[in-house]
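Listed in order, the protein sequences are those of chains C and E. If you read the first sequence in my numbering, its first letter stands for residue 1, the second for the next number, and so on. If you read the second sequence in my numbering, its first letter stands for residue 1001, the second for the next number, and so on.
Each hint should be verified, as a subset may be incorrect.
Said to hold, decoys possible - Some chain E residues close to chain C (C-beta under 7 angstroms, calculated; not the full set):
| hint | residue |
| --- | --- |
| 1 | A1002 |
| 2 | A1024 |
| 3 | A1088 |
| 4 | F1089 |
| 5 | A1105 |
| 6 | S1108 |
Claimed, not checked - In silico negatives: residues of chain E with every beta carbon more than 12 angstroms from chain C:
| hint | residue |
| --- | --- |
| 7 | L1021 |
| 8 | E1037 |
| 9 | R1068 |
| 10 | Q1072 |
| 11 | A1074 |
Hints were generated in silico from the structure; no laboratory data involved. Every residue gets a Cβ at the ideal spot worked out from N, C-alpha and C, and that includes glycine.
Letter by letter, the chains look like this.
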Amino acid sequence: MTLADGVGDVAAGMALLASGVVTWARARRSRTGPLLALAGVAWLAGDVASPLVYAHRGPLVHALLTYPTGRTRSVPIVAVIVVAYVDGLVPTVARSPWVTIALMAAVVGVAAWRWATARGLERRARTVPFACAAVVAAPLTFEAIGRLTGSETDVVATWTYVVAIAVTAGALAVDLLSGRSVRAAATGLVVDLAGGQEPRALRDALARTVGDPALEVAYRVNQEWVDEAGQPVQLPASEESGERVVTVVEDGGTPVAALVHDPAALRDKTLARSVAAAVRLALANVRLETEVAARVREVADSRRRLVEAGDEQRRRLREQLRCGAEQALADVSRELAAIAACHESETAAAVVELVDELNAARIDLARFAQGVHPKALTEHGLSEAIGELAGQAAVPVAVDVPSRRYPAPQEAAVFFVCSEALANVAKYAEASGVSIDVAEAGPRLVVRVADDGRGGADPARGSGLRGLADRVEALGGRLSVRSPLGAGTRLEAELPIGLDAS
Amino acid sequence: MAWTVLIVDDHAGFRASARALLEAEGFDVLGEAADGESAIEQARRLRPQVVLLDIQLPGMDGFEVADRLAAQPAAPEVVLISSRGRGAFRSRLDGAPARGFITKAEFSGEHLSSVLA
Chain C
1 MTLADGVGDV AAGMALLASG VVTWARARRS RTGPLLALAG VAWLAGDVAS PLVYAHRGPL
61 VHALLTYPTG RTRSVPIVAV IVVAYVDGLV PTVARSPWVT IALMAAVVGV AAWRWATARG
121 LERRARTVPF ACAAVVAAPL TFEAIGRLTG SETDVVATWT YVVAIAVTAG ALAVDLLSGR
181 SVRAAATGLV VDLAGGQEPR ALRDALARTV GDPALEVAYR VNQEWVDEAG QPVQLPASEE
241 SGERVVTVVE DGGTPVAALV HDPAALRDKT LARSVAAAVR LALANVRLET EVAARVREVA
301 DSRRRLVEAG DEQRRRLREQ LRCGAEQALA DVSRELAAIA ACHESETAAA VVELVDELNA
361 ARIDLARFAQ GVHPKALTEH GLSEAIGELA GQAAVPVAVD VPSRRYPAPQ EAAVFFVCSE
421 ALANVAKYAE ASGVSIDVAE AGPRLVVRVA DDGRGGADPA RGSGLRGLAD RVEALGGRLS
481 VRSPLGAGTR LEAELPIGLD AS
Chain E
1001 MAWTVLIVDD HAGFRASARA LLEAEGFDVL GEAADGESAI EQARRLRPQV VLLDIQLPGM
1061 DGFEVADRLA AQPAAPEVVL ISSRGRGAFR SRLDGAPARG FITKAEFSGE HLSSVLA
């Protein structure tokens, strides 16, 4: 060994030792530091006791294949590590080029497998050890192949290996201490959260980022914890409950969310802070969505109130017509009739004629008032009002309507559905019969009007059906029209009655 | 089951209005007649359950038509109507073979139903 070789050799050992000690001191929970330090000690020991010249391989492979925690439960990884320790401690084995090649292939293979099977933070964290494994394996494999082929590779391989060891020691220490992979994860989290603000998307993004697929998110709503669907959930009783840990996210001192996760997932403080910030940000979005949903509800309520107010106005208009104009016409008609009765003359005959005109006008007004809002509906309900409708229809109508009363808006909607449907039958359907069925289906009132006419009705055409659909939807219901050509028209409306049925 | 009705009145405007109103209120109007003769003929042919009969008809008046209708087999119910009040006809109304009387000023499907009830 030349002086230069010796200096390089010691420098590599010192690099391992120094990296290990610094990492050990700063990242106390990770075993990577002790493993690197052990590898450094073994490396330096090999310089003074030749049987230990390969002893650093065990802790080095151990550190590479378990980075960043220094721990593993994976059987293949444990197996490769055990082989590396045995290889390092038994020089006769370590000197075999085939064993070296196989061991290095296994190390690189396992490091690649760890990298490829990980996601999010884990994958980012496993990138550096994967690269380091390749850097370390390359000169050893090169040297082993050289021995197999009888080529002179010793000097190059040795120097390359020394450099690879130093680079690996430095890279692992810098990566672990800088939290670079953690910051990358936090950045990715913000990007992920920008994509979708649904609670489920938030959970998935968090789970990916911290590398815990079983991560759960609970939200603080009205002093209780609920899941994404708003169902109450019980958090694990203590701070640490078995394998799961609860991290509470606070906003201005108030708990807003809780993460239930693997203890390892949020061990890094930088990541934990980033995750908390991201959760707060996402919750603000979720709250915005909630507000939008509340506005949508308000709009729906105001539509319903508009329909109800419209119906109420129709009722009032009808009563005003009956008690006002209609009554006044009736009074005038009676007065004139009385005057005519007292006089037998041509004038009297003319007055009688006038009285008949007045009566006709009054009756027309009464009929108009009836159309504005049928009195039978207000006073006797759907059964009688639809019965009247059916009586006016141009074709026979089979009616099956319950006699009980429903809330006025629902009764009016059902009535006008039937009224519009029968009007359409008369205008377009060329039907020979119609059936009207009104029935309760759970919390809903269902009305079906079916005819045996020519079908082909287009719900998009004409304002009648659109107005009906508006009325039905304003009450939280839905209207559907099926009208296949030649097979009749079937109009169906469903209206919720459960909440405020009287 | 809706009542079937024949409307008898010499005033075409009233007949049309009454028909529209009765139909809107669930009655089944089978036909209209403008005078007594055609009223009797149509009642025989259409077999209405109710004849809404104006008293002041040209020629044969409503009382006479009511008598002739009552003489028919399966006679219809007769409800007399007039522009004049009940007082104008006094005792003639009491003796008439009619279910009831309604002034045209008060006429409505509801009123007719209550007379027939």
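request  = Please write out, lowest number first, the hints stated earlier that are contradicted by the structure.
outcome  = Numbers 4 and 7, in rising order.
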